[in-house]
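Asker: Starting from two chains that each stand alone, build the complex the way the hints lay out.
For reference, the chains in residue letters:
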Amino acid sequence: EAGVTQFPSHSVIEKGQTVTLRCDPISGHDNLYWYRRVMGKEIKFLLHFVKESKQDESGMPNNRFLAERTGGTYSTLKVQPAELEDSGVYFCASSHNKLGGLNTGELFFGEGSRLTVL
Amino acid sequence: RKEVEQDPGPFNVPEGATVAFNCTYSNSASQSFFWYRQDCRKEPKLLMSVYSSGNEDGRFTAQLNRASQYISLLIRDSKLSDSATYLCVVSSADSWGKLQFGAGTQVVVTP
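Read top to bottom, the protein sequences are chains B and R. Throughout the first sequence, residue numbering follows my numbering, covering 1 to 118 in sequence. Throughout the second sequence, residue numbering follows my numbering, covering 1001 to 1111 in sequence.
Since the hints were made in silico from the structure, they are not lab data. Incorrect hints may have been included.
Claimed, not checked - Covered stretches of chain B, as calculated for chain R (at least 3 residues, CB under 8 Å):
# : region
1 : 7-18
2 : 36-47
3 : 54-62
Beta carbons are placed, not taken as given, at the ideal position from N, Cα and C, and that holds for glycine.
Excised from the complex, chain R in its bound form (with noise of 0.2 Å):
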């Protein structure tokens, strides 16, 4: 079983319209969770980290829910800059330096 699974998609939207996809993770001991984004060929950047109390960041809401195992990326009115691959990624309290990646969620935002 993968240590972060995620649904590859692709999620095709319609711009302006919102999306959102979840990720699910196998090792409860996991304490911090951010979604990375990646475009074509391109290098992850962080998009965001998430927060037991959800967190909202302009048109991006990540949502965590511990007792399922699951994170949740939210993006209201979509721009076209909005496609890209969004990566879960998950880190343990007590190796902070080795993060576990999902293959990551494609979105296509469509005009």
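The shape of chain B in the complex, shown without the other chains (with noise of 0.2 Å):
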């Protein structure tokens, strides 16, 4: 089976560009996360998709960041303009639905899309 996959890996644009990153989840998956890691911090969570609808965007930082799931499938990220305190590794997970009202807890993430904005 096929884990999540993102493109691309590695992205180097300059400051005001725009860069889109895809997040493809695991089949079947109805949750999808977009996570970040800034240099020298902790991942954080930017939003999370239940099908194609956002449930919590409570993590993304501005109005800048646009995330879509058109059909609730594969996911989008679009930071635009970019700027250079956004550089970091994106990383996309996806996870079963809650079960029996537990969370479980494993979220399975994609090895991530590294941007640096110079």
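Answerer: And the structure:
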């Protein structure tokens, strides 16, 4: 079974440009998450989709970030315009629905998209 | 104050030895607790969930102390392949999809 795949693995852009990151979750996973790790910091939550709906976008840093999940399958995260502080690794993760009301906690992460803004 | 605090290490451990480390969390409403493992430049992977009664998975033992709001991980009989960064992860009851990560504890197992 294919895992979570992300594209591109590494992107280098200049300040002010636009970048779009893509995530393909594990097939059948309704939950899709975006997280990011900036240099020297911990991994931080950005947002959570359940199918095509945004369940929680409280971690999105500002309106330069736009996430979509049309059709409830793959997701894109667009940064426009990119700033220097946006550099980091953007992880996508997916999971099954909650089972029996319990959070199993197992998010399956992709290998991340490393973004470098110059 | 960070939501989840961890000693960054590194913990240098001889092969075969035992290593233990903790993390503390600030939100007393947190309900679910996990240890994830992350190898260099790879994605985090779930190592184990942490239950109130404590739980064991092979050479790994996790403990939760709700009163003091800390979680521990103990690795027995360390293997070279245990070298990694161990991430303490916490989620809240009302926001189960939103995980709070610690910055990680680096463990280096040496021959």
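Asker: If a hint holds in the structure, say so; if it doesn't, say that too.
Answerer: Results for each hint:
1. 7-18: Not satisfied, violated; 0 residues make the cut.
2. 36-47: Holds, because 5 residues of the region 36-47 of chain B bring their Cβ atoms closer than 8 Å to Cβ atoms of chain R.
3. 54-62: holds (count 4)
This entry does not satisfy hint 1, going by the numbered hints stated previously; all others are met.
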